[in-house]
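K.L.:
Build the complex: two chains, separate frames, hints provided.
Residue numbers (my numbering), protein chains in the order written: chain A, 1 to 294; chain B, 1001 to 1425.
None of these hints come from the bench; they were simulated from the model. A couple of the hints might just be wrong.
Just the calculated beta-carbon pair ranges, DEER-fashion [claimed, not checked]:
#1 B:Q1054 - A:F280: 54 to 62 Å
#2 A:I137 - B:Q1189: 21 to 29 Å
#3 A:L72 - B:F1123: 58 to 66 Å
#4 B:H1280 - A:I56: 40 to 48 Å
#5 B:Q1193 - A:F88: 43 to 51 Å
#6 A:M100 - B:Q1189: 55 to 63 Å
#7 B:S1248 - A:I122: 27 to 35 Å
#8 B:K1355 - A:V117: 37 to 45 Å
From the three backbone atoms N, C-alpha and C, an ideal C-beta is built for every residue, glycine too.
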Amino acid sequence: MLNKNNKILPFVYLLPTAILLTIFMIIPILYTFYLSFFDWNLIAPTKEFVGLKNYIEVFTDPVNQKVILNTLIYIIFLVILNFVIPYFISLIVKFFISKMQGTYKVLFFIPSLFSLVVGAMIFTWILNPVSGPLAYILKAIGLTMPNWSNSGILAITVICLITNWKVFGYNFILLLTGLGSIPKNIIDAARIDGIPKWRLVWNVILPMNRGIAIYVLILTIVQGLQYVFTPINVITTGGPYYGSSNVIYQTYLNAFVLYKTGTSSALAITTFLIFLILLFLEIKFVESRDKDYV
Amino acid sequence: MNKKFFRNLSVVLSLLALTFIFAGCSKKSSANEVTKITYWHVNAQTQGGATVDQLVKKFNDTHKNIKVTAKYNPNMYQGLMQNLQSAQASGKVPDIVQVGWAYDNYFASNFKYMTPTDAAKKFDGSNKFIDTNFNKRSLSFAKDSTGKLVGLPYSLSTPVLFINKDILAKYNIDENSLQTCEGVKEASQKINQQSGKYGLYIQEPGDTWAQQALMLSHGADIQKNGKATFASKQGIAAYKYYQDMVNSKLALHTPWAQGMDSFVKGDVAMAFTTIAQASHIKKSASFNAAAIVAPHFKGSKTVVPVGGSMLSITAQDEKQQKAAWEFEKFMYSNDSTVTWSKGTGYLPSTKSALKSADFKDYVKQNPMLQPAVDTLDNAIPWTSFPQKGLQAEQAMIDARDKILSGSNVSSTLKSAQEKINAQQK
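For reference, chain B alone in the conformation it holds in the complex (with noise of 0.2 Å):
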């Protein structure tokens, strides 16, 4: 009896005593408990890379139970939105993804994600992070077109007019005339007619982000209520002067790659391009180049669509949402967000970095990046159509490359402008 009493007891005690290991245990994994989390991001090493796995890093080091792995997806928003379809139909998608403007709708109506609305109404209790960090003019860029917002803006750019002022001394020509388009014009037919060289480069690649900002800097809209209206007056006008500038050979017509080749070694005298070029041209220009803000046409005013992207979660699970949540908002810190525009050229997104001492001091040093800041406050959202917008960006294209080759503009842009109403039903 007395026997069995022990065995019994013994019995109970060990069970006892594993399950205070077993609590021990899962109290301690508990503390410990690490959430995996993907960031999906589009810069290559000589594009900010070093930076975003400098600030990952840093990330890690300071919260033990978040790790983010970044991943580096090659040929920028396009493509992690292709690897990012293959993530979706295999099931297995990042926590969180940097999407570029042009695909707003397009990400927002074919993944699932979480709006930051939600996330911060979830994990913080109240909308205050995003309200003090961002003003009304930067959220609606990362708005999709039912007014919802995607994710949060990340990186911002904005057209300049970079200029050779070499060439400009050269031939006394007055910085401020270059203000208007057509100031731009005159001073290109002087540069032309005395030595023979172009006047303008307008960016031309895989987009008409430049172009857009041409018309709308002439009172264009690109669109309105979700339908193109670019086939305006003012519209027509604009690309008018384009081609206008391209057919007397004061502006260079010609991939983006060779355009911006052409400006540094000092045959173009003005770059009609991203503020993300600054560094670049900083770099390979051998002669005293600047950025001044973006020329509008006389009676109107510099109005620009704006360029970057956003970031968005995609996580499905809530721990990893919390965590990408958390992620984010060590990425919009101050010192996150302007230790990241140093390292890619792009502009801060939140109010408090645009303001911050450090910021400041760093465009001191960077005088270009001063128009592009200044831009800031004239800027729209990239448009994105609600249906089809990236074949409506291709009728763009086709109509930028069709009177670019000395098509009617009129014709062509009302024909594109038809094209892309079509598909908006």
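Just chain A, same shape as in the assembly (with noise of 0.2 Å):
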């Protein structure tokens, strides 16, 4: 009876969890899939079917080609910002610096509680080019601004640089906690053999912090190209002409302003395989480490 119960339990207890997520993630993201297959405007009664045409035109047409493009350079960008940048200062927290740890701390990590809108609205008036008070300050040293918002390229930068403030802090602290919890006795047996600092942190640190590691960067590439999103509909709406456009947006875009499921749903779904492929990744090394412990 107990052993019965046993087996059934634990199925009973995730009843909640698999029901929310069937209806929320797997049903919605089958009936995508559905969708990519179909022209319909959303809510009218039939929706014709089309076949592949819908995945053709996500790579054949100009338009989405510039956006995959300009989502690689997204991923680039944010990696940099939002990755390599905050390791690098969080090595030098930790290591390099013994005071005001908890300080830096806080300092960086104030920006992420505020709502993107709001970072979004405040950097386009600091950042206006004509008018805002940065463009006052260059104009008074003989400088002018660049129109960053009419530069594709530019503007991803900029879109950048505001997530770069929001997630710099959490990115941050998440990468000081994993280097914190390399054991002590490791490190300071490596300072006993005189080994020089940079090949401590080249050849000790960041190997046993590579799980941290890897989770900040896929959470970095997935998440950001997320919060990207708010800037982009707020200043640029993803011109100009889908230069600062990325997948995530051009799928709001075509469902939502423009509403062509199809065209959307099958955006979305090739967007799903990419995320599938580095999440597939980040479970290999994250997961495998954990394996190496046991």
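P.N.:
Next comes the structure, spelled out in structure tokens:
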């Protein structure tokens, strides 16, 4: 009896979560997959089956190609700004600076408490190329500020900087915590052996912190691409001519502005697959690391 | 026997009494029965939402048998349309909705609605209400591509040219010279040469409303019989003018919020934007700001697409439809229309409200509104293509972005036009 209960109970406990996941994640994903084969305006009673046309469009339409390329640029910028730099600084704070660690944590973390919409609006005001405070300062010293919202690459840079303002502190604390959990005796042993500090970092600390680092890296990419949505929507609406759009914004634009659910779904499924591959990598590296300890 | 008789009698009597009680109840409830309807609008608290609440409260106080609940939908007409889709999917639609002109055809071909003409005939017995309150021009704004009246015009707006009088005075620019686009360009050159400032900003939101006004005011047609025709000689010339101004730094090319910010800070001398910006400009500008009628090209006259929205009845039940019609009539009374106009900065949509002393007084106190009122006579319906209108608008936005980034005007407009027309089958 007890045994039988033990077999069923775990499933009963999981049931609420399973139901929620099915309703809010699995069914919508399957429905999106289904919609990606149709031409539909979100409300008309009839859906026209178009086969793989939407998927072909994802890869052949010049606008989508541009958007996919932008997405890659976003990923590169986000990895540098929200992963490499916080990692570098957390290493410095942990191993090269002994004072004020708490202060840095608090200072860096403050912006992540603000909403991204607020951040985006403040940055648009500060960075207004003609009438913003920064433009006035530059003007005073004889420089003109480039009109960044008219250049795709500059707009992407500004948008990434805004997300950087938001997520930097959070990533910094995650990485710092990871570094703090490295057993101190290993570091001490290395120090006694007289290993130079940079070798200590390169050969001991970085490999030992790999799990957290890869977690933050994946988070930077997957969450970062969603985070940039807000500034894109508030500031550039994807412009100039899709120059600052990415796959997530384009999915939204197709679905809820143009009501092209088919194209949007195909784009969403493609993005989903890309993220799935990233997730697979995360599981492979992070989880395999855990197995090393077992 | 007697006992039985009395028992029967008492049963009959009590049954009768019960019937009376129930009859009384039902009579009472039909007199006091409250029809509940919901009204979906897009006005945030800062954009007239408080006025909407005030009007709804007044209606509820004066109409005891109808209760209107107003629901604010964030993200303007687009947000409302998205919510309406989910409402339709769940089968529980609101009774009255505020529909932006851009969604005219999309709304008409995808949602069930009661046309005002039917409502007037059914509940009033005649078209009198519509005919006395609206002129032909304003009714034309609310028709779909088949010519059917989808709703009643509710808020109207037109683009105007806001000017920084201080800058104009400083560089000796005559206001009258700004009636033409050529004059605006000359003034911009003068300002730019002497101060390095921009002359003009034309609004660049997620639609090409202002750019269409520019083409129309050069004698171009945006569409004719449901086909795009903006890549005409005049349309191309208007966009070339705009591109030239941007390339030579006479006009500022930047997103809307930044452009307006630059105007109110005095870094741009003129702003071509909607009259709905008037209160913002009045509040934020530190200079002497005014508004004039939007400029036209020499040899043409000012023609602008109208902005704003209409009210449509989406109620399915006859009782609700009747209540919704009643509410609409209240909203279009002079008093409500002018109150609404004051709260939102839009222009009233009815003939009599425009002529009312109350509104005229208001315009006197806010002279920026006058050019917008004058422009209404030259306003045409918002461009709405019968098929895939939202994608057509996106094609025009794309063309604008490309042209302002330096693409060839003629070929860009032509390919946008072909793209739109390919979908109009």
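K.L.:
Check the following: the C-beta atoms of Q1193 of chain B and F88 of chain A are separated by a distance inside 43 to 51 Å.
P.N.:
Holds - the Cβ-Cβ distance for Q1193 of chain B and F88 of chain A, about 48 Å, lies within 43 to 51 Å.
K.L.:
Taking the beta carbons of S1248 of chain B and I122 of chain A, is their distance inside 27 to 35 Å?
P.N.:
holds (32 Å)
K.L.:
Against the range 21 to 29 Å, how does the distance between the Cβ atoms of I137 of chain A and Q1189 of chain B compare: consistent or not?
P.N.:
For Q1189 of chain B against I137 of chain A, whose Cβ atoms are near 28 Å apart, the range 21 to 29 Å holds.
K.L.:
Regarding H1280 of chain B and I56 of chain A, is the given constraint of 40 to 48 Å on their beta-carbon distance met?
P.N.:
holds (46 Å)
K.L.:
Is 37 to 45 Å right for how far apart the beta carbons of K1355 of chain B and V117 of chain A are?
P.N.:
The hinted range 37 to 45 Å holds for K1355 of chain B and V117 of chain A, with Cβ atoms some 42 Å apart.
K.L.:
Does 55 to 63 Å hold as the CB distance between M100 of chain A and Q1189 of chain B, or does it fail?
P.N.:
holds (56 Å)
K.L.:
Looking only at beta-carbon atoms, does the pair Q1054 of chain B, F280 of chain A fall within the given range of 54 to 62 Å?
P.N.:
holds (57 Å)
K.L.:
Take the C-beta atom of L72 of chain A and the C-beta atom of F1123 of chain B, compute their distance, and say whether it sits inside 58 to 66 Å.
P.N.:
holds (59 Å)
Of the numbered hints listed earlier, not one is contradicted by the structure.
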